[in-house]
Each structure stands twice: as C-alpha cells, then as structure tokens.
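Each chain, letter by letter, is given below.
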Amino acid sequence: MLLGRKLGMTSIFSQTGEYIPCTVIEAGPCAVVQVRSKEKDGYTAVQIGFEDIPERKVSQPQIGHFKKSGVSPKRHLKEFRSDKVTLTPGEILTVDSILQKGDKVKVSGTSKGRGFQGVMKRHHFSGVGMSSHGQSDRQRHPGSIGSSSFPSRVFKGMRMAGRMGGTTISIRNLEVLDVMPEQNLLIIKGSIPGSINSIVEIVKL
Amino acid sequence: MSKILLVEQKYVQAATDFRNLKNESGKFEMPDFRPGDTVIIAVRVIEGEKERIQNFQGIVLARRGSGINATFRVRKISNGVGVERIFPLFSPIISGIEVIKRGSVRRAKLYYLRGMSERKIRAKTS
Numbered sequence: 720m721l722l723g724r725k726l727g728m729t730s731i732f733s734q735t736g737e738y739i740p741c742t743v744i745e746a747g748p749c750a751v752v753q754v755r756s757k758e759k760d761g762y763t764a765v766q767i768g769f770e771d772i773p774e775r776k777v778s779q780p781q782i783g784h785f786k787k788s789g790v791s792p793k794r795h796l797k798e799f800r801s802d803k804v805t806l807t808p809g810e811i812l813t814v815d816s817i818l819q820k821g822d823k824v825k826v827s828g829t830s831k832g833r834g835f836q837g838v839m840k841r842h843h844f845s846g847v848g849m850s851s852h853g854q855s856d857r858q859r860h861p862g863s864i865g866s867s868s869f870p871s872r873v874f875k876g877m878r879m880a881g882r883m884g885g886t887t888i889s890i891r892n893l894e895v896l897d898v899m900p901e902q903n904l905l906i907i908k909g910s911i912p913g914s915i916n917s918i919v920e921i922v923k924l
Numbered sequence: 323m324s325k326i327l328l329v330e331q332k333y334v335q336a337a338t339d340f341r342n343l344k345n346e347s348g349k350f351e352m353p354d355f356r357p358g359d360t361v362i363i364a365v366r367v368i369e370g371e372k373e374r375i376q377n378f379q380g381i382v383l384a385r386r387g388s389g390i391n392a393t394f395r396v397r398k399i400s401n402g403v404g405v406e407r408i409f410p411l412f413s414p415i416i417s418g419i420e421v422i423k424r425g426s427v428r429r430a431k432l433y434y435l436r437g438m439s440e441r442k443i444r445a446k447t448s
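For the record, the sequence lines run as chains F and Y.
Residue 838 in this note's numbering sits at position 119 of the first sequence, with consecutive numbering throughout.
Residue 448 in this note's numbering sits at position 126 of the second sequence, with consecutive numbering throughout.
Keep in mind that the hints were calculated from the coordinates and are not lab data.
Any given hint could turn out to be false.
As the list claims (entries may be wrong) - Taking lysine-lysine pairs in the PhoX-like style, the calculated list, with each CA pair at most 25 Å apart, reads:
| id | chain 1 | residue 1 | chain 2 | residue 2 |
| --- | --- | --- | --- | --- |
| 1 | Y | 431 | F | 923 |
| 2 | F | 820 | Y | 431 |
| 3 | F | 820 | Y | 332 |
| 4 | Y | 431 | Y | 442 |
| 5 | F | 823 | Y | 442 |
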C-alpha cells in the first residue's frame, strides 16, 4: 500500500506499436507511522504517511505521534486495514519495493467535484421527449418520479438531480505499466479518479 | 508537469533505441522534415509470424503535437484515390523516414491540397 499524488496523463508506446494511455503518479516514499494490533486496538492496520512537512507546521501532539515511530512529520496520513502486518513503525516504503511492472493495483481517490448536476449528467438519464412538436422546455428533465394515489409518495433512493462528484472512488485491476524508482514515479494504464495534484491510495491486489 | 515530461522523454528514448535495434543498417536517423516535403515512410507490417517492411510515399500535410504525442500526416494519391495516413512520430511500427524532396510552402497545414490534382499539387509545393 502506498500514498501518491496524481501528476497527470500521457501516452506511451508498447513494443508492438500500441499507443497506451497512462496516468503518472508520484508514489511514495511513504513511512510507516503506526501499526495497530489486535491486542491494543482491537484490529490490525498500518498507518502510513506521505510527503514531508516542516515541523513548525505540525501541532505538538502530532509531533509526539511521529516521534514515537521515529519518522519525520508527514502531510498526509492514512490507515490501511490488513489481516497480517509484517511492517514495523519507521519503515520506509518506496514504489520499487512494493510494485513492479505487470502488477495489478487498486487505486482510490476523491473524484472531481461537479457541483449540482441534472439527471442526464448525474445518472445518465436520456431526457424527455422531443425538441419539436410544441414541446419547448423538457429536454433534460427526469420525467415521472412515481405513480399516483398508490403509493402516494416518492420512493427513497429515487435518482434525481443533486451534488455530483467529490466522493471516494476506487478502481480495481489497473495494470502497472512501469515503475521509475529514481523519481518515485508509477505509471498506470488508463485513468484514475481525481484531479491533478490530488492524493490517491494505491493498494497491490 | 516536468515529471510527466520525464516519463515522455524516457519513452521517446525507448522508442529510438527500439528503432536502432531493429535497423540493420545501423542507427535510425530522424530527419528534419516539414509540411510540403515528400517522404518515404518504412512501416513494419506484421502478418502472423512474419514481419515485412511496407513503404508509404507521399506529401507531409501537417505535423502536430509535442513530445511522445507528436504525429504527422502524409497524403498520397494511389490509383486515383487520395490516401491519407496519420503516423505517431515515435511509433515503433515506423522503421525509417526518408525525405526524398523538399517542398516550399507558406502554410503549416496543407489541407488545401486535398481537392487538387497531382499537377496542381506539384506546382503548389515547389
């Protein structure tokens, strides 16, 4: 598991001439900040930190937390649940120590916020009716949202317009096309959730 | 952005190395060609197990893009039918680019050549 920053997309060529779209992630180095154990915390997990931050920007309790494992203060902390933990606090995780070419990974991130959107964009509705024959203002509407006297209410979970995006999205089975350890870069086939410079979690499957 | 450029550079280099490896006559040289030039593109065609080289000769209509995403567009007239192909500049299927005639044109994109007869194209690009 790793934390990374999405840098953007580009394309690369395979040896057979295929043009492959890919996403470049600056992944790690991450430090293991804390290990949660069954005895002490009731569950097992690893907390890892990504990106150094000056000590003056961190609160005193936080500094104590980092000191305990002997790592420098980090900007982003994230806990990953896992059944058996072999890592120890203070350990440094780099891209090339975890992933290699051909691996499958799961990438999670916060999707781009799109604000208040109608049903066509948000739920892929097809709109109502035609644009001619006197119909003037209903092209992007949801249509009927239920029947009449029975049940006399709108069912819960009815898909309607509203806030779209800005949620955590995971994509599984993404292929690692390349790892560039000198620059801590990870190249993944296809697109991943989130905007450029957003933080993503990478888990090896 | 610069780190993405680094990735592109690495793969541009990889593509160049791959071409050098495949080229029997030594190093692959990327000629400096412009729209209006007449070029021969050696394309590797893979048919099942076998691999052969097919040449595509025509006039460069346009170049676009930068880095690994750069492409160029070549047009030829084959049996009276205009044929246009877009090649990615660093595609591994290209095994050679040769400029056989320099053209002299004033535009960067020569899309106006499309409707013209061969004689008129000759007049326009020289």
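Each hint, compared with the structure:
A C-alpha spacing of about 46 Å is found between residue 431/Y and residue 923/F, which places the hinted pair above 25 Å, so the restraint is violated. For the hint linking residue 820/F to residue 431/Y, the alpha-carbon distance of about 40 Å lies beyond 25 Å, and the restraint is violated. Our distance criterion of 25 Å between C-alpha atoms is met by residue 820/F and residue 332/Y, whose separation comes to about 15 Å. The suggested pairing of residue 431/Y with residue 442/Y holds, with an alpha-carbon distance near 17 Å, which does not exceed 25 Å.
Taken as a hint, the residue 823/F and residue 442/Y pair is broken in the structure, with Cα atoms around 55 Å apart against an allowance of 25 Å.
The earlier numbered hints that this structure contradicts are 1, 2, 5.
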